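Asks: Each chain is listed here by its residues.
2 protein chains.
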Amino acid sequence: MAAEIPAESLQLRSLVRAENMLELFLDTVPVAEPGPNEVLIRVEATPVNPSDLGLLLAGADVAAASAAGTPQRPAITAPIPDVAMLGLTARIGTPMPAGRLLGKKVAAAGGGMYAQYRIVDLSLCLELPEGLSAADGASAFVNPMTALGMIETMRMEDHVALVHTAAASNLGQMLNRLCQEEQVPLVNIVRRPEQEELLRAAGAAFVCDSSKPEFMNDLTAALTATGATLAFDATGGGVLASQILTCMEASASSGDDGYSRYGSAVHKQVYIYGGLDRSPTVLTRSFGMAWGVGGWLLTPFLGKIGLEGIIRLRNRVAAGLTTTFASSYAAQVSLPGALQLDNITAFAQQATGTKYLIRPDQEA
Amino acid sequence: MAAEIPAESLQLRSLVRAENMLELFLDTVPVAEPGPNEVLIRVEATPVNPSDLGLLLAGADVAAASAAGTPQRPAITAPIPDVAMLGLTARIGTPMPAGRLLGKKVAAAGGGMYAQYRIVDLSLCLELPEGLSAADGASAFVNPMTALGMIETMRMEDHVALVHTAAASNLGQMLNRLCQEEQVPLVNIVRRPEQEELLRAAGAAFVCDSSKPEFMNDLTAALTATGATLAFDATGGGVLASQILTCMEASASSGDDGYSRYGSAVHKQVYIYGGLDRSPTVLTRSFGMAWGVGGWLLTPFLGKIGLEGIIRLRNRVAAGLTTTFASSYAAQVSLPGALQLDNITAFAQQATGTKYLIRPDQEA
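Note that the protein sequences, when read in sequence, are chains A and Y. Just add 3 to the spot in the first sequence (first one is 1) and you have the working numbering. Just add 3 to the spot in the second sequence (first one is 1) and you have the working numbering.
Check the hints yourself; a few may be wrong.
Since the list can't tell identical chains apart, any single copy or any two copies may satisfy a pair.
[Said to hold, decoys possible] Calculated lysine to aspartate or glutamate pairs in the EDC-like style (CA-CA distance at most 20 Å, straight line):
#1 Lys215 x Glu200
#2 Lys307 x Glu160
#3 Lys307 x Asp161
Read the hints as simulated data drawn from the structure, not as lab findings. In this text, all values refer to a predicted model and were calculated from it rather than measured experimentally.
For reference, chain A alone in the conformation it holds in the complex (with noise of 0.2 Å):
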């Protein structure tokens, strides 16, 4: 093996300049040589999440966009709104490595994935059983874990039922299938018809499309019904968090003797994962005071529950690749491919339906 391993491989970098200008490129890098106990993988599969799309993004105009360099070695130019460069001041100048998660034998967790050759280490790898495709194992990470971690977190804050917003995304299918394995309840606020069809067809019990006038009612009615009082959010902005904390103290306070001025004692959380609406969080307050909203993220979350806990959400993925935490791709790019104007738009897209897999052991 060691023998085909070659001395540099292609990484892809992301880099913000201070004239508001993001880049995008393809890097020539050394492959290292693996640590004590780190392991050199070979990336076959990543997928691209749309949690990797604020790192590689910025926040760029992709609209705006323009391609130049060769088809091997693409280049993308875009601009940066003002607003945006606020946050990454620190970034400016220094290219960063993209993409997060991979695999082909291993499944493995990390940073700059997004490139041939990737040194992880060992105790962020899975390893893949028998007979399944790099592809297969390209999604074992992020989104399994982050369906388990829903639930585990739903465990150890007390919580019997789970809400979803973005419910019909990949990792919104997963964690439907997931909930009905285990026996959660689970309620799934989509925001179109079709999402609802294609989820009540996989089972889901309960889904809120949120563009129906009668959304508030049928979210507090499937609250009620499910005793759900923790959600995860995916979208972020606007209104939807503050709604779902509403409708959790109609339904909490419907049950209660006599009214108290600071709502009902139950304590109703929100936890934000996701930006797909990147406009600010609205609360209107309207829900007591016994309330939270906060950011969930899968990183320290796995730091909260430890390396026993981690082993065991990792057993739990293994045994269901292809079934429950099975992930479908709307097309495979390679690396040069991945840096198409077009590719990049569908990607800035984040929509439902439209995930890709970069493949970077393919020329092109």
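Chain A is already provided as a structure; the job is to place chain Y on it using the hints.
Replies: Same frame as chain A, now just chain Y:
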């Protein structure tokens, strides 16, 4: 003593009518017999806390209030805007006893204290040290326990310093004294230069005026100096909570090596414990993923620390009632006096330095 207790006494009531109308009046209620673990108290002094006004005024438009009744039995009516009625359906038609706290000989916690007599649970009584007046004891519970609760919460959740908004309030001045005694670094946020002067004269090391253009820079510097990652916000609405989190993140990431897409790993928390600003809370989420915003209320906090914790805090309060935990009042009024239009208007402003003490033992 028993011979002096009348069969009936006065109680201030707040009634919401379905036709968007608030009524405030004095009701004659029977003086009941205390149960086994209860005590009947004669209420001599009870403060009008900002936290009492929600129940008392029910969001009514006080500027449009009108007065009726007699000097001894005044009655106030005021229109309630549609938006405020939304949260009031559960109390329509039920006259609520108003007010929360008080004492002489004992200070006690409980609702319905705007009354001449009141039965309370023995465990919620704090025996006042010799020589203290009813006015000294009247604010022995909510504000002191809230100030102590903030420091207690800071320690329980592994923070090392505090941020407090509306910091020139009665509670804010108390917290300023307490933090100096407890050597807890405190960042005070105020809205006016004279409030900054007041706190600095009382020994405050960090005071940031949100009306100044350099507010965000001042706040970030104070957060860096103190290491504060926990804030208690009395205002609730607008962008202040978001600004605090943004400055905490700027402070936390200034010491970091390198850039993380997800922001610093330091958890940043804002607890909203009041609603001086009723507009929505607007969060820009420009502060990474390790953050939380939530409601904070004294009663559930006391439930969390248990009886042993409550006794420890109560003893701390009793030792400092005329010093650390002293309150001052703009005016003292009788129960009928509390229903004078000009006094109600003064309560409703919730402005710093306008705190009222109700003296149910006085005739007018």
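Asks: Taking the hints in turn, state whether each one holds.
Replies: Against the structure, the hints come out as follows:
For the homomeric pair Lys215 and Glu200, the shortest alpha-carbon distance inside one copy (14 Å) is at most 20 Å, but the shortest distance between copies (53 Å) is not. Taking the shortest alpha-carbon separations for Lys307 and Glu160, both the intra-copy value of 13 Å and the inter-copy value of 15 Å come in at or below 20 Å. Proximity of Lys307 to Asp161 under the C-alpha cut-off of 20 Å is found in both arrangements, the shortest distances being 16 Å within a copy and 15 Å between copies.
Violated hints are absent here; each numbered hint is respected by the structure.
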